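With the sequences and hints as input, model every part of the structure.
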Amino acid sequence: AVTKNFSAANDCELPVEVLQMEIGGMPGCVGFGFEVHDCGPITVAPHERVTLRVSFTPDFAASQWERSLRLHTRAGFLDLPMRAFVPPELLPMLAEQAPFLGDS
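Residue numbering for the sequence shown is 416 to 519, as defined by my numbering.
Hints listed in this document are in silico derivations from the structure and should not be mistaken for laboratory results. These figures come from a predicted structure and were not determined experimentally. Glycine included, every Cβ here is placed at the ideal spot set by N, Cα and C. One or more of the hints may lead you astray.
Restraint-style ranges between C-beta atoms, simulated for each label pair [to be verified]:
(1) His462 to Glu504: 41 to 47 Å
(2) Ser483 to Asp426: 20 to 26 Å
(3) Arg498 to Pro461: 25 to 31 Å
(4) Ala460 to Pro496: 23 to 29 Å
(5) Leu505 to Gly455: 16 to 22 Å
Here it is in structure tokens:
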């Protein structure tokens with residue numbers, strides 16, 4: 416898996432409360448190879464930042480993935496695009512190293 420940290424800033428005068436998240440329309444913090452760590456409800460105070468840690472594990476069916484991370488707030492939704500790329504020539508090598516279901 417590849418993990419990246421992303422910063423989100425609240426430039427408003429009121430706190431932003433993130434009640435839940437979904438990935439690609441699926442409720443929760445895991446979906447389509449993406450995983451948001453520490454994904455519980457969060458509150459971002461005015462003029463403060465929060466760091467979101469996101470991991471991606473490819474499924475080897477494609478070399479490019481795009482999904483939206485939707486943050487559900489008290490004020491509505493905030494959609495954040497997520498993109499991951501693996502060079503096509505690396506897919507066979509990665510697929511050989513990936514465990515299959517039931518492997519430990």
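Right, here's what the structure says about each hint:
no.: 1; hint: His462 to Glu504: 41 to 47 Å; in the structure: holds (45 Å)
no.: 2; hint: Ser483 to Asp426: 20 to 26 Å; in the structure: holds (21 Å)
no.: 3; hint: Arg498 to Pro461: 25 to 31 Å; in the structure: holds (30 Å)
no.: 4; hint: Ala460 to Pro496: 23 to 29 Å; in the structure: holds (25 Å)
no.: 5; hint: Leu505 to Gly455: 16 to 22 Å; in the structure: violated (34 Å)
Of the numbered hints stated above, the single one contradicted by the structure is hint 5.
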